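Using the hints, put the two chains back together into the complex; each one sits in its own frame.
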Amino acid sequence: SQKIEQNSEALNIQEGKTATLTCNYTNYSPAYLQWYRQDPGRGPVFLLLIRENEKEKRKERLKVTFDTTLKQSLFHITASQPADSATYLCARPLSGGSYIPTFGRGTSLIVHP
Amino acid sequence: DAGVIQSPRHEVTEMGQEVTLRCKPISGHDYLFWYRQTMMRGLELLIYFNNNVPIDDSGMPEDRFSAKMPNASFSTLKIQPSEPRDSAVYFCASSKQGSGAPETQYFGPGTRLLVL
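Protein chains in written order, with my numbering: chain A, -5 to 107; chain B, 8 to 123.
In isolation and in its complexed conformation, chain B is listed as follows (with noise of 0.2 angstroms):
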């Protein structure tokens, strides 16, 4: 399995700017993660999927954000627009729920944005 798949790996963009993240789960697992890393913040989770409906967007910080699963094996982030305190490393995980046992994460490479 090659793991869980984002791209793009690095994205410089300009403040204003629409910014579209993509990540592809690990084959078979029900549950994606968005999450964003920064120094200031650490690991934060920002909104996650539960067989491609979403179940907690509270973690999204403002309407400039939104996520969608249109299907099992693909989630993007939007950011519309985007503003330089965007600025992080983006994650998405996926995992398995097992019966009735915590499931570990898989974390994809992540995508580092850069608003300017």
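So that you can see chain A by itself, here it is in the shape it has in the complex (with noise of 0.2 angstroms):
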């Protein structure tokens, strides 16, 4: 089954610095990656998309990368904001072809003032 893998430790950060996350995937190469945001309490919130052919792509503070050879995609929030303390989720499609989304289980980030 194609899965997807992501730090299940919370990382905890100061205020100002960058974080990075990371999402690694198994079997073949997705033709997409997306990176959704989670409260708690609330239900997962779309933030960027990307695809297999796209190294990076941006979003304000937002820069997410998408490496095929090392199966794996890092999410960056630069200048990070107590208000950026959430739960960020990766997804691909369940299969080839799909645009049905299977999520990882997300990883928790923490950004102290």
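Hints are not guaranteed to be accurate.
[As the list claims (entries may be wrong)] With the Cβ distance kept under 7 angstroms, some of the chain B side facing chain A (calculated, not the full set):
| id | residue |
| --- | --- |
| 1 | 111 |
| 2 | 114 |
| 3 | 117 |
Just so you know, these hints were derived from the structure itself, not from any lab.
Predicted model, so just to flag it, every value in this text is computed and none were measured.
The beta-carbon is built from N, C-alpha and C at its ideal position, and this holds for glycine as well.
See below:
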């Protein structure tokens, strides 16, 4: 089965620093990866999508990379703020050609003031 | 748009009781998904519909679980009989299929279910 692996340990950083979260996948290289943010008591919210032919994607303070050799995506938040504290989920298609995502378990980010 | 609407937001029931979760997707979206989220297993896809038709229910854990989508604006997920291990947060999500492009999913606020 296609798997998504994210660091289960919470990432603690100081305000202003860059947070980097990792998403590793197994088996075939997906056509794209998605990143979602989930706050406590709420549903996930879509942030970014990166395709396999894109090495990097940016949106404001967010940056996502996609390395098909390492089978990995990195999610960066620059100049982090306490409001960025949340769980971040990585998702990939269920199977080749599918648009249905399967999610990793997420990594909790805690930004300390 | 109000987004995906789920009800109830919280449900506490006793083992053996029937539980019905409800979802109203975003108007115009043609895909509807039901997920279950627990600390142990993360976010799991249970079933999804396309144009009200169930496409893949391989994630439904047991025959105790059933889902319906009688029309484009309403879906239910039913658990009968419920068991303590069904305790989780159940999310409904919807999306609109683009012209070959992957579409993002819009999640509801979830229903937190506790089976005693």
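Hint check results:
no., hint, in the structure
1, 111, "holds (4 angstroms)"
2, 114, "holds (3 angstroms)"
3, 117, "holds (5 angstroms)"
Hint violations for this structure: none, all hints satisfied.
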